[in-house]
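*Asks:* Here's the letter readout for the chains.
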Amino acid sequence: MIEKMVEDTAVELLRIAATELPVEYVEEMDRLMRETEGSVGTSQMANILENVNIAREGSKPMCQDTGVVAFMAKVGDGFPLRSKLKEVLVEATKRATKEVPLRPNAVDMFKGNTGSNVGLNGHVPIIYVDMVPGDGLELVAMPKGGGSSNVAAHRMLKPGLGLRGVKQFVVEAVAQAGSLGCPPYFVGVGIGGGEDACMKLAKDALLRPFKVRSPDHRVAEIEEELLVKLNELGIGVMGLGEGPSVLDVHVEMAARHPASLPVGVVISCWGLRHAKATISAAGKVEIDRNA
Amino acid sequence: MEHHLKTPVPEEEIRNLRAGDLIYVTGTVVTARDEAHLKALELNEKGEAPPVDFKGNGVFHCGPIMQKDDGGEWRVVAAGPTTSARMEIFQDEFIKVYRPSVIIGKGGMGKRTAKACREYGCVYGAFTGGAALLAARGIKKVRDVFWLEELGMPECLWVYDVEDFGPMIVTIDTHGGNLTADVGARVAERRDQLIEEMEG
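The listed protein sequences correspond, in order, to chains U and X. Quick note on numbering: this note's numbering labels position 227 of the first sequence as 227, and the sequence is numbered without any gaps. Quick note on numbering: this note's numbering labels position 89 of the second sequence as 89, and the sequence is numbered without any gaps.
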């Protein structure tokens with residue numbers, strides 16, 4: 001049964017995302033800890049790394065805020081599960097909430113916490129679906145915590161401010177995030193597309209593999225420049241002024257309306273949690289713990 | 001300096017602490033976030049008391065993941081700090097009314113909280129954000145839970161017996177020290193410089 005297979009896989013992805021931080025992030029933080037001068041920054045990094053280790057070994061959520069659940073699905077033309085996919089992912093979210101367990105993080109403004117990470121009006125979990133060639137399904141689970149979501153920023157710039165204005169806004173947004181969203185941060189920037197699209201681009205940017213630069217060298221240069229400048233802000237680990245402030249910056253770009261320059265900045269805490277699986281039409285599942 | 005505090009913590013011990021000190025707490029720590037702060041303060045306005053005494057104890061900005069074990073007892077799965085800045089709007093009033101000794105959270109707090117800490121003898125202890133399993137390790141027993149039905153798992157009051165819960169860095173002391181605010185001011189200066197120097 002393909003439905004059961006997708007559901008089981010989605011539960012497993014949520015478990016992996018919550019309990020296993022991708023190894024390359026851990027290695028980078030370990031390297032940066034050794035470069036950190038000052039006992040406060042070093043000890044904060046050591047606490048993070050020890051915590052990540054306990055999570056992996058005990059298969060427990062590394063952070064109590066297991067986030068609002070989002071799935072990004074790329075559905076192949078020939079994949080047998082189509083309109084039912086959403087229902088299956090909703091069911092997987094409910095199950096993972098009990099089985100991992102995840103913290104119930106879906107609050108109904110009138111009735112309170114739904115207790116299941118599901119609700120209201122079919123909007124949570126957040127599900128993005130893309131139709132792609134082929135007959136497989138690529139599924140990414142990305143639960144995102146409230147602390148770093150609260151420091152996201154959005155602005156419709158005057159186009160005359162150009163890329164300089166965009167970069168200035170990113171610096172402003174990350175400085176504003178300061179100590180609040182559990183730095184060191186991952187920063188996703190979306191430029192263009194419209195007021196909603198730039199935020200989605202920014203979220204997608206976070207999922208580009210670690211330290212992989214944009215294929216457009218002009219965008220890649222902006223990423224490198226921002227990575228250096230944002231670290232010069234000196235926020236430091238946990239906002240205590242020592243150690244790294246930002247681990248990586250990814251920028252995605254779309255065309256813009258002549259009168260608009262939309263910019264979205266989506267920030268992740270050090271625990272950028274996600275996991276990916278591909279499922280073939282025949283039901284073969286491959287899980288990528290680090291993607 | 002490293003300090004091991006036992007709740008209820010005598011006020012002179014709290015006033016002895018300095019920003020930058022490391023602290024560990026043994027005794028009673030109660031979780032309270034946005035909703036619990038609001039509800040506790042509403043009760044006070046009505047002349048009623050909350051179901052747990054915060055005096056001299058730790059107040060933990062935390063919405064834990066809790067699970068019932070086979071015997072029906074609550075146990076902690078993960079319990080790290082949440083962003084304290086959200087509580088800035090009423091933390092000072094809470095400190096004034098309920099007189100906790102240590103506010104535990106992450107990300108630091110602002111002027112109003114710092115003033116209340118100074119006036120009423122309280123410190124802010126920053127626990128490493130996201131380190132929910134390290135924090136859980138220091139929680140020895142779930143003594144009680146209140147308002148679970150009404151506020152839900154992350155927002156209700158969990159009463160924990162803790163042992164050497166820490167390490168926390170004192171970032172707000174009773175002498176006017178506020179480490180996170182100091183760093184924030186330097187970040188703002190750097191921000192202005194970086195924005196000014198930015199090229200197209």
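These aren't lab readings, by the way, just hints derived from the structure by calculation. Please note: incorrect hints may appear among the correct ones.
With a cut-off of at most 25 Å between alpha-carbon atoms, the simulated PhoX-like pairs for lysine-lysine come out as follows [as the list claims (entries may be wrong)]:
hint, chain 1, residue 1, chain 2, residue 2
1, X, 68, X, 115
2, U, 60, U, 98
3, X, 39, X, 111
4, U, 74, U, 60
5, U, 60, X, 6
6, X, 141, U, 111
7, U, 98, X, 141
8, U, 98, U, 111
9, X, 6, X, 140
10, U, 111, U, 4
11, X, 6, U, 94
12, X, 140, U, 98
13, U, 84, U, 200
14, U, 94, U, 4
15, U, 284, U, 211
16, U, 60, U, 111
17, X, 46, X, 141
18, U, 98, X, 68
19, X, 55, X, 6
20, X, 68, U, 60
21, U, 111, X, 39
22, U, 94, U, 276
23, U, 111, X, 46
24, X, 141, U, 60
25, U, 4, U, 158
*Asks:* Each hint: holds or not?
*Replies:* Against the structure, the hints:
1. The straight-line distance between the Cα atoms of residue 68 of chain X and residue 115 of chain X is roughly 40 Å, outside the 25 Å bound, and the hint therefore fails.
2. Taking the CA atoms of residue 60 of chain U and residue 98 of chain U, the gap is near 13 Å; set against the 25 Å cutoff, the hint holds.
3. With a C-alpha separation of about 23 Å, the suggested pairing of residue 39 of chain X with residue 111 of chain X holds against the 25 Å cut-off.
4. Taking the CA atoms of residue 74 of chain U and residue 60 of chain U, the gap is near 28 Å; set against the 25 Å cutoff, the hint is violated.
5. Restraint check for residue 60 of chain U and residue 6 of chain X: the C-alpha separation of about 29 Å exceeds 25 Å, so the hint is violated.
6. At roughly 30 Å between alpha-carbon atoms, residue 141 of chain X and residue 111 of chain U are farther apart than 25 Å, so this suggested pair is violated.
7. Proximity of residue 98 of chain U to residue 141 of chain X is assessed by CA-CA distance (about 22 Å); at most 25 Å being required, the pair is judged to hold.
8. Taken as a hint, the residue 98 of chain U and residue 111 of chain U pair is honoured in the structure, with Cα atoms around 21 Å apart against an allowance of 25 Å.
9. Taking the CA atoms of residue 6 of chain X and residue 140 of chain X, the gap is about 14 Å. The hint holds against a cut of 25 Å.
10. Straight-line distance between C-alpha atoms of residue 111 of chain U and residue 4 of chain U comes to about 31 Å, which puts the hinted pair past the 25 Å bound.
11. Note on residue 6 of chain X and residue 94 of chain U: the hinted pairing is violated, with a Cα-Cα distance of about 40 Å set against a maximum of 25 Å.
12. For the hint linking residue 140 of chain X to residue 98 of chain U, the alpha-carbon distance of about 23 Å falls within 25 Å, and the restraint holds.
13. For the hint linking residue 84 of chain U to residue 200 of chain U, the alpha-carbon distance of about 24 Å falls within 25 Å, and the restraint holds.
14. Of the supplied pair hints, the one linking residue 94 of chain U and residue 4 of chain U holds, its CA atoms being roughly 14 Å apart against a limit of 25 Å.
15. Distance hint between residue 284 of chain U and residue 211 of chain U is unfulfilled; the C-alpha atoms sit about 30 Å from each other, more than 25 Å.
16. For the hint linking residue 60 of chain U to residue 111 of chain U, the alpha-carbon distance of about 29 Å lies beyond 25 Å, and the restraint is violated.
17. With a CA separation close to 32 Å, the supplied pair residue 46 of chain X and residue 141 of chain X exceeds the 25 Å bound.
18. Between residue 98 of chain U and residue 68 of chain X the CA atoms are separated by roughly 11 Å; this keeps the pair inside 25 Å, and the hint holds.
19. Restraint check: the Cα-Cα separation between residue 55 of chain X and residue 6 of chain X comes to about 13 Å, which is no more than 25 Å; the hinted pair holds.
20. At roughly 15 Å between alpha-carbon atoms, residue 68 of chain X and residue 60 of chain U fall within 25 Å of each other, so this suggested pair holds.
21. Of the supplied pair hints, the one linking residue 111 of chain U and residue 39 of chain X holds, its CA atoms being roughly 16 Å apart against a limit of 25 Å.
22. Restraint check: the Cα-Cα separation between residue 94 of chain U and residue 276 of chain U comes to about 19 Å, which is no more than 25 Å; the hinted pair holds.
23. Annotation: proposed proximity of residue 111 of chain U to residue 46 of chain X holds, straight-line Cα distance about 24 Å (limit 25 Å).
24. At roughly 19 Å between alpha-carbon atoms, residue 141 of chain X and residue 60 of chain U fall within 25 Å of each other, so this suggested pair holds.
25. Annotation: proposed proximity of residue 4 of chain U to residue 158 of chain U is violated, straight-line Cα distance about 49 Å (limit 25 Å).
When held up to the earlier numbered hints, the structure conflicts with 1, 4, 5, 6, 10, 11, 15, 16, 17 and 25 and fits the remainder.
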